[in-house]
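If you want the building blocks of each chain, they are given just below.
Number of protein chains: 2
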Amino acid sequence: MSKQHALPDQYPYPVARIGIIGGGQLGRMLVKSAKRLGCTCVVLDPTPGSPAGQVSGHQIVADSHDPEALQQLAQQVDVITFDIEDIDAGILEEIAAAGHQILPSASLLGDIQDKLRQKQLLTRLGIPTADFVEVDPSDAEPFARFGYPLVQKARRGGYDGRGVVVMQSAADAAQALPVPSLIERFVPAAKELAVIVVRGQDGEVRSYQPVEMCFRSGENILDMLLAPARISAETAAAARRLAVETVTGLEGVGIFGVELFLTEDAELLVNEVAPRTHNSGHYTIEACITDQFEQHLRAITGLPLGATDQLIPAAMINLLGEPGESGPPVIRGLRAALAIPGVSVHLYGKASTRPFRKMGHVTVLDADIESARRKAEQVRALIQIGSESETG
Amino acid sequence: MSKQHALPDQYPYPVARIGIIGGGQLGRMLVKSAKRLGCTCVVLDPTPGSPAGQVSGHQIVADSHDPEALQQLAQQVDVITFDIEDIDAGILEEIAAAGHQILPSASLLGDIQDKLRQKQLLTRLGIPTADFVEVDPSDAEPFARFGYPLVQKARRGGYDGRGVVVMQSAADAAQALPVPSLIERFVPAAKELAVIVVRGQDGEVRSYQPVEMCFRSGENILDMLLAPARISAETAAAARRLAVETVTGLEGVGIFGVELFLTEDAELLVNEVAPRTHNSGHYTIEACITDQFEQHLRAITGLPLGATDQLIPAAMINLLGEPGESGPPVIRGLRAALAIPGVSVHLYGKASTRPFRKMGHVTVLDADIESARRKAEQVRALIQIGSESETG
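Protein chains in written order, with UniProt numbering: chain A, 1 to 392; chain B, 1 to 392.
These aren't lab readings, by the way, just hints derived from the structure by calculation.
Since the structure is predicted, the reported quantities are computational estimates derived from the model, not experimental observations.
Watch out, some of these pointers could steer you wrong.
Chain copies aren't distinguished; within one or between two, either way the pair holds.
Straight-line C-alpha distance at most 20 Å; calculated SDA-like pairs for lysine to any residue [stated by the list, open to error]:
#	residue 1	residue 2
1	K375	L311
2	K375	P304
3	K358	D139
4	K191	E93
5	K358	P12
Let's have the full structure, built from the sequences with the hints guiding it.
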């Protein structure tokens, strides 16, 4: 990396050595893009043979809170990034202070990984979000004062709908999460959207078309993603502007997933920001000129950003482990799903399934978003990730 | 693989274990597709840390003619395929006879890797090709009898224009390759085309749009690929029909690159068949619904074939090592090239460059083929793969 500055537009091979904290599916897809662009990767993950480690060829088997392992990673690479948020940001700040490049920055990760600090920061930046207040969950009084319906969010560690509780009335107070939390106004959203934004080291920023996030009714688990979202061109443009304003305000470098509520009153509120490649951006691999993983790499290595144009509508479903089945995975209905034109199946290489674990995803391309959606419904009915024990 | 037959449409993880003979860039891109589809790969290649070995995580370091190593590979995988043609087909036939699956078949590889046998087979199948005759290169007489201009082709081992000599007249006879050869009529081609064809285990066959192969004038080195080719819809349809007829006649399973001459008289002749993923199909990664690597995997694992539709025009150039430079590579002009919208750079991870070595390729997407072509010209002028020694 130092070389590229000394000699303009001339790179050694590898072009850059990337350290990735977290070796899950996001890291796995990042490694593939990195190798294509002439970068090498070292993955830090506690599970030997992690999804990303399987393709990088270099893994430090350690926890993301292990200071020595993080130092070791820093020594081996030119730039550190992450595919998870649950990292000790303090250790990362020390590593950054010692002169190692970490992108997005350790201080921004620290602000974002704590949902309370994230909301406070967004508010300071003038970004519209749902009203919120910090609470001590052992005290029911602030919940009543704030008023129902409300959403309690754990400050730390929530993901994929975990760490979030919707309370309709005081009768739900018993469900309160017993952890440091904030509560926020329940937003009766007409739609939930996500905008993938990339910002370069030079401050250049680009966004992809908004994606529509569909949830199973009554559940916090994402059911399907539709790209582009079924919204007006004006709303799409406004969502992109707000997402770009958010990432610019945060001075983030790399890919960010900005989740938004489109309220019943046609207002846009930022729900949450993820400082990393995002589930809602997986469709970009098949459907866009430059995918989110290559964009992230271009941003963190100081290369020019790529085009975000979408070539064809796409629907995406996650492949979650079947309820009641654990152990070595068995993929049912794969052949039937692949027989549908436009279906791309991504399996993440996890050696073991468990209920609702993200085992893969499927992207469906089609000439219009309704046909893509219908085919994705078919695929969901066809593919199951179960376990061997079920199948004898 | 046995499991999938016993239990219809139910796969363990890995879905299949793929053995790849040859660990170059074709193998590298195949491994990436394989992992996405839930397959694992073992690469056999004499160079430790080969391009494909870097992503597969499992490499047998051995030559493609080593019988013990090939046996060892067969023991570790469900199906063997290859990214090179220079393999001892006799050893592969023995391995196949012992019950191991090899796709495309060892006997077909044997027929194709010998350009004389390939031409004889195509002729038996009624596929139009340039007239040819076997020659002993130590004897000039058959050359004169056949008549000039002619093309001498080595029966074995030629690739990327090596092993081929064009002779305009008897004065060129001194350039004759001193190896077992055939000579064929020089075809004054209006264009050279390639059609990527995939054929499944069940005989289902699909083709991609014809690609136009542009060569530097007077050289046998491919200069640029344009997809789709700039030909009429009728010619494109005829080229696809002929390519499909060829692969069907060969009873091939997997991806085949069928190279064709479009003569000045608008006649189509098959020039050569490659029994593997093909340089002219790299654009399918960015531009098509299902790329040639995933297609090959689907075919050899008995999964349904994918859609071959192209979403956007594409131009492709190979990144060859600069003349006069050898050693650890340096990539010049990378940033400038990536600043052009629609540019995807693929570097193959080769630790050392040498003149004309294939070090990577670039695919350029654009709304029309002329703009894609112009941008690819720009990229070619910008990117150079040189060596460190030049740069101090």
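Do the hints match the structure? See the list:
| no. | hint | verdict |
| --- | --- | --- |
| 1 | K375 / L311 | both (18 Å within a copy, 18 Å between copies) |
| 2 | K375 / P304 | between (35 Å within a copy, 16 Å between copies) |
| 3 | K358 / D139 | neither (35 Å within a copy, 67 Å between copies) |
| 4 | K191 / E93 | neither (37 Å within a copy, 59 Å between copies) |
| 5 | K358 / P12 | between (37 Å within a copy, 17 Å between copies) |
Hints 3 and 4, counting from the list given before, are not met by this structure.
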